[in-house]
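Number of protein chains: 2
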Amino acid sequence: MNSRQDTPDHKFHRKALQVKEAQARVIEYAKLLDGEEVPLNQSCGRFLAEPVIAPHPFPAFNRSGMDGYALIAGDTKDCGQDRVVWLEVVDDIPCGAVPAVSITSGTAARIMTGAQVPEGADTVVMLEITETREEGGKSFVGLRKPQQAGRNITQEGFELKEGELVLSAGWKIAAGEIAALAALGVHTVKVLRRPKIGIFATGTELLEVDEPLQPGKIRNSNSPMLEALVRETGGEPVMLGAIIDDLELARSKVQMALDSYDMVITTGGVSVGDYDIMGDLVRENSGDMLFNKVTMRPGSVTTAAVRGGKLLLALSGNPGACFVGFQLFARPVISLMQGATLPFLPEWTAVLGADYSKVNNYTRYVRARLEFRDGCLYAYPAAIDESSVMVTIKDSDCLIVVPPEERGLSTGAKVRVLKLPGELQG
Amino acid sequence: MNSRQDTPDHKFHRKALQVKEAQARVIEYAKLLDGEEVPLNQSCGRFLAEPVIAPHPFPAFNRSGMDGYALIAGDTKDCGQDRVVWLEVVDDIPCGAVPAVSITSGTAARIMTGAQVPEGADTVVMLEITETREEGGKSFVGLRKPQQAGRNITQEGFELKEGELVLSAGWKIAAGEIAALAALGVHTVKVLRRPKIGIFATGTELLEVDEPLQPGKIRNSNSPMLEALVRETGGEPVMLGAIIDDLELARSKVQMALDSYDMVITTGGVSVGDYDIMGDLVRENSGDMLFNKVTMRPGSVTTAAVRGGKLLLALSGNPGACFVGFQLFARPVISLMQGATLPFLPEWTAVLGADYSKVNNYTRYVRARLEFRDGCLYAYPAAIDESSVMVTIKDSDCLIVVPPEERGLSTGAKVRVLKLPGELQG
Numbered sequence: 001m002n003s004r005q006d007t008p009d010h011k012f013h014r015k016a017l018q019v020k021e022a023q024a025r026v027i028e029y030a031k032l033l034d035g036e037e038v039p040l041n042q043s044c045g046r047f048l049a050e051p052v053i054a055p056h057p058f059p060a061f062n063r064s065g066m067d068g069y070a071l072i073a074g075d076t077k078d079c080g081q082d083r084v085v086w087l088e089v090v091d092d093i094p095c096g097a098v099p100a101v102s103i104t105s106g107t108a109a110r111i112m113t114g115a116q117v118p119e120g121a122d123t124v125v126m127l128e129i130t131e132t133r134e135e136g137g138k139s140f141v142g143l144r145k146p147q148q149a150g151r152n153i154t155q156e157g158f159e160l161k162e163g164e165l166v167l168s169a170g171w172k173i174a175a176g177e178i179a180a181l182a183a184l185g186v187h188t189v190k191v192l193r194r195p196k197i198g199i200f201a202t203g204t205e206l207l208e209v210d211e212p213l214q215p216g217k218i219r220n221s222n223s224p225m226l227e228a229l230v231r232e233t234g235g236e237p238v239m240l241g242a243i244i245d246d247l248e249l250a251r252s253k254v255q256m257a258l259d260s261y262d263m264v265i266t267t268g269g270v271s272v273g274d275y276d277i278m279g280d281l282v283r284e285n286s287g288d289m290l291f292n293k294v295t296m297r298p299g300s301v302t303t304a305a306v307r308g309g310k311l312l313l314a315l316s317g318n319p320g321a322c323f324v325g326f327q328l329f330a331r332p333v334i335s336l337m338q339g340a341t342l343p344f345l346p347e348w349t350a351v352l353g354a355d356y357s358k359v360n361n362y363t364r365y366v367r368a369r370l371e372f373r374d375g376c377l378y379a380y381p382a383a384i385d386e387s388s389v390m391v392t393i394k395d396s397d398c399l400i401v402v403p404p405e406e407r408g409l410s411t412g413a414k415v416r417v418l419k420l421p422g423e424l425q426g
Numbered sequence: 001m002n003s004r005q006d007t008p009d010h011k012f013h014r015k016a017l018q019v020k021e022a023q024a025r026v027i028e029y030a031k032l033l034d035g036e037e038v039p040l041n042q043s044c045g046r047f048l049a050e051p052v053i054a055p056h057p058f059p060a061f062n063r064s065g066m067d068g069y070a071l072i073a074g075d076t077k078d079c080g081q082d083r084v085v086w087l088e089v090v091d092d093i094p095c096g097a098v099p100a101v102s103i104t105s106g107t108a109a110r111i112m113t114g115a116q117v118p119e120g121a122d123t124v125v126m127l128e129i130t131e132t133r134e135e136g137g138k139s140f141v142g143l144r145k146p147q148q149a150g151r152n153i154t155q156e157g158f159e160l161k162e163g164e165l166v167l168s169a170g171w172k173i174a175a176g177e178i179a180a181l182a183a184l185g186v187h188t189v190k191v192l193r194r195p196k197i198g199i200f201a202t203g204t205e206l207l208e209v210d211e212p213l214q215p216g217k218i219r220n221s222n223s224p225m226l227e228a229l230v231r232e233t234g235g236e237p238v239m240l241g242a243i244i245d246d247l248e249l250a251r252s253k254v255q256m257a258l259d260s261y262d263m264v265i266t267t268g269g270v271s272v273g274d275y276d277i278m279g280d281l282v283r284e285n286s287g288d289m290l291f292n293k294v295t296m297r298p299g300s301v302t303t304a305a306v307r308g309g310k311l312l313l314a315l316s317g318n319p320g321a322c323f324v325g326f327q328l329f330a331r332p333v334i335s336l337m338q339g340a341t342l343p344f345l346p347e348w349t350a351v352l353g354a355d356y357s358k359v360n361n362y363t364r365y366v367r368a369r370l371e372f373r374d375g376c377l378y379a380y381p382a383a384i385d386e387s388s389v390m391v392t393i394k395d396s397d398c399l400i401v402v403p404p405e406e407r408g409l410s411t412g413a414k415v416r417v418l419k420l421p422g423e424l425q426g
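Quick note, the sequences are listed as chains A and B, same order. Sequence positions in the first sequence follow full-length UniProt numbering and run 1 to 426. Sequence positions in the second sequence follow full-length UniProt numbering and run 1 to 426.
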């Protein structure tokens, strides 16, 4: 028996911050990382370091929207079902070619969809409503209907003017952005570097994932979960394993990690009680502690500190609390470091799909499934959502935010939900 | 001048399929790929090849949910504010340890959160409501309140029973799944192989993304877009460049690609008109054509064929049409090949946020932005959504499905939307 039970009183009396205030404290240390050039085809999911301006108009020329003939609409004004107007075909413009001649009254050019409309022409007539004849070695196109100027031509700069803002700094790149950048010849993109996030767990009870189970022990599932979450957020996880409950070991591990990486996330060792080494480590140097209690469930013991300008986020060892702590505190920091403009989980309103009866004096973040019905969004709380429960994390699309002191919520109540990353099937 | 204008009539009279029927034809050829073992930490985004069954209960032992004392609730029934019941502390069980002795009446064990509850004990009492004393070299814990059996203990198997289904085959792996698999010691995961998708563009007008602009030409933006879309869908894109409009070249490229990869996607060369080499290539061998016209805008010329059991999907060269064609036909095939159970874009109902006036005799897939307001979903059509327009793809969250013959839709109308991949900010 050791003296662990003589827990000093201050361990039980931490000053609790509201979630918003705690978030404000951590994001102060989310400093923008350096930019780096990446090839366009490796830029998906990254955030632009600087705005992209159109280097030329797009389309870069007046473009035909049809297979047919480019001509002057005015030439067709006397057309009629029995009055064919014949125009001499003076050019043939496939895609990618440059028109050889300008169109003047009485002439037309055969043109393909996507090809450059020749000077002089002001309309493109679709092939299907034309007829042709050859005479004296010349080709003629015939029309029986007056045509309107401007039809089937996409004007130069219709999508983008030269110098127009295409994408602002902080914009996240996906397939549509790739198309726009490719069209403009942007083959390398300046994005912000991915933050390197050191991750380790504390707990003498922890086994590696590939170790056989041993009595009284559990496998370290939080580290792999955090690894996946960091990657999903665009960070580069650096896995530092699990350490036994030893203050000196934790101290040197934290220091090494803070020296080497952009941020450090730990899991375990922050609960009020025995062997709470991360809590002790941060309390020791109260000058750099940002908070060690947040008015939330799960994860009230979530702790954050700053050393050398770098953030140490000590999450609970309870899987549910670790997950929620990551989403509320680590995600915005990792996103902001990459220049994201919308670092927080999207916050929506939903209709509660089932009663929720738990009451708490802290705000509760309840794992839930979202479902769309007839244009409305319903949230179904997980059947079991204790902070220690891990198995329902995978089934959750959102966290329902249950305000403190709420005397239970009934089916049909409007609730705020924080959308978790991932596709809804609903 | 060549004879291209003598376009045979059958080019203008393709038999058009409904989208659902065309989808049904392509997914018939989405054959499940082989399974492969991947390390757990590389399994995110992959689909399980086989169900995962819990190899042991989880938790694997009765687990303490508190720092405190494990004891027999019945021992405390006579407690009172002035009647302290003292129990001898016979063990100290940190996390990861195995209890040394069973608890019998009159004894208790100091225990930590997450530690294994000893035999005999039926409740855990939180540290904060206990007191301690030492006497004759022994430690005692005192209580002033009767305790209930079963409190603060998570029973073995509470989350998962041994043999219980954890994840079914076809389940997509994300962070929550990683946690569950890690906890169960599943350190490698059997997933389906990523399909290799050959991608090339046709068009004499196409420049590479890093080439300077030339008069009349455009950069190949569809291939990089398709590359990003294939990757987003879990496929492995194989970039085969762009070829000029040459039937023989296209034929050999298609054949080589079908021999080497699981599916081939092309862009360009399918419009009704000149140089529509992909169309010609497929028409040549009408026996293996699945369709060459679909009753949809954009992308009505979308063409599909099968050779040697492998799918050739020839998408329009118009960026908007290429994008929609990918989402409706390529995405489900690539998803199904990986074993996905929900291969199609999620279909939701939304409220139209602005009038939409275009009328068509085909179903129109209109790029739109989604917004949540007070629990309801609103869809705002893109200002410009011509099939040739590329710049609004990046701003779209969904495709509004506008049925044929609709005489324009008014603000407030209920519409069906197909959710595009990516996070909504709303």
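It is possible that some hints are incorrect.
Just so you know, same-sequence chains aren't split out, so a pair can sit in one copy or run between any two.
[Said to hold, decoys possible] Quick list of in silico lysine-lysine cross-link-like pairs, DSS-like style, CA-CA up to 30 Å:
1. K196 / K138
2. K161 / K31
3. K358 / K138
4. K145 / K293
5. K293 / K161
6. K358 / K77
7. K15 / K77
8. K77 / K310
9. K138 / K20
10. K253 / K190
For the record, the hints were derived by calculation from the structure and aren't laboratory data.
Structure-based check of each hint:
Proximity of K196 to K138 under the C-alpha cut-off of 30 Å is found in neither arrangement, the shortest distances being 70 Å within a copy and 50 Å between copies. Proximity of K161 and K31 under a CA criterion of 30 Å is satisfied in neither setting, with 34 Å inside one chain copy and 45 Å between copies. Taking the closest pair of Cα atoms, K358 and K138 never come within 30 Å of each other, the shortest separation being 87 Å inside a single copy and 41 Å across copies. For a Cα distance limit of 30 Å, the shortest separation of K145 from K293 across copies, 28 Å, qualifies, whereas the shortest one inside one copy, 78 Å, does not.
For the homomeric pair K293 and K161, neither the shortest alpha-carbon distance inside one copy (52 Å) nor that between copies (34 Å) is at most 30 Å. With identical chains, the CA atoms of K358 and K77 are at most 30 Å apart between copies only, with a shortest distance of 27 Å across copies and 77 Å within one. Taking CA atoms no more than 30 Å apart as the test, K15 paired with K77 passes in neither setting, with 83 Å inside one copy and 35 Å between copies. Taking CA atoms no more than 30 Å apart as the test, K77 paired with K310 passes in neither setting, with 74 Å inside one copy and 52 Å between copies.
Taking CA atoms no more than 30 Å apart as the test, K138 paired with K20 passes in neither setting, with 78 Å inside one copy and 48 Å between copies. In this assembly of identical chains, K253 and K190 lie within 30 Å of each other by CA distance neither inside one copy nor across copies; the values are 33 Å within and 34 Å between.
The structure does not agree with the numbered hints 1, 2, 3, 5, 7, 8, 9, 10 stated previously, though it agrees with the rest.
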